[in-house]
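Read top to bottom, the protein sequences are chains A and B. Read the first sequence against this note's numbering and you will find it ends at 102, with the numbers running on by one and no gaps. Read the second sequence against this note's numbering and you will find it ends at 102, with the numbers running on by one and no gaps.
Keep in mind that a hint or two might mislead.
[Unchecked claim] Partial list, computed: chain B residues near chain A (C-beta under 10 Å): (1) Glu41; (2) Lys43; (3) Val75.
Think of the hints as simulated: they come from the structure by calculation, not from any bench. Keep in mind it's a predicted model, so treat the numbers as computed, not measured. Note that beta-carbon positions come from the ideal geometry of N, C-alpha and C, so glycine has one too.
There are 2 protein chains.
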Amino acid sequence: MYKVKVYVTLKKSVIDPHGSAVEKKLRELDYNEVSNIRVGKYIEFFVKKSDRDVEEVVKEVCEKMLVNPVIEDFRYEIEESVNQ
Amino acid sequence: MYKVKVYVTLKKSVIDPHGSAVEKKLRELDYNEVSNIRVGKYIEFFVKKSDRDVEEVVKEVCEKMLVNPVIEDFRYEIEESVNQ
Numbered sequence: 019m020y021k022v023k024v025y026v027t028l029k030k031s032v033i034d035p036h037g038s039a040v041e042k043k044l045r046e047l048d049y050n051e052v053s054n055i056r057v058g059k060y061i062e063f064f065v066k067k068s069d070r071d072v073e074e075v076v077k078e079v080c081e082k083m084l085v086n087p088v089i090e091d092f093r094y095e096i097e098e099s100v101n102q
Numbered sequence: 019m020y021k022v023k024v025y026v027t028l029k030k031s032v033i034d035p036h037g038s039a040v041e042k043k044l045r046e047l048d049y050n051e052v053s054n055i056r057v058g059k060y061i062e063f064f065v066k067k068s069d070r071d072v073e074e075v076v077k078e079v080c081e082k083m084l085v086n087p088v089i090e091d092f093r094y095e096i097e098e099s100v101n102q
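If we strip away everything but chain A, and leave its shape as in the complex, we get (with noise of 0.2 Å):
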């Protein structure tokens, strides 16, 4: 069994307006020393060993179901787990 962890954010260059919200309200409770705020994704799942390459499955999922590639990017880190 392993246990990954996605991490997906927006790219640089697409505008967050999740993020911008945030910080707005930040400003009017004075939090002036907080900016560039960025809000994506964390998703954790676990992937049964199988005659297919983890990183394989990992990747189609992510291009498939977890992340659009135009608006943004993504990176995982995949670990051997014990127990789920």
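Knowing the structure of chain A, use the given hints to seat chain B on it.
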């Protein structure tokens, strides 16, 4: 300047409809080795050095704006950053 990374996850006891939807779709696509998908948030921002403790600022921002403590857990990483 500090770069901050925040990971927000649903508490274990909380059902994750987004994760379940992805998992159902993956079953249909025959990715049967993938399980327990949990979708959380990954947030990045910068904190300018000030007379306030950076960790205190980060905790407050998380608790006030980024995390719903009833259903979510969070952890964060703070690293010194030279340029934004």
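Here is what the structure says about each hint:
The closest approach between the C-beta of Glu41 (chain B) and any C-beta of chain A is roughly 8 Å, which is under the 10 Å cut-off, so the hint is satisfied. Given hint, Lys43 (chain B) at the interface with chain A, holds; its Cβ is 6 Å from that chain's nearest Cβ, closer than 10 Å. Here the hint on Val75 (chain B) is kept, as its CB sits about 6 Å from the closest CB of chain A, short of 10 Å.
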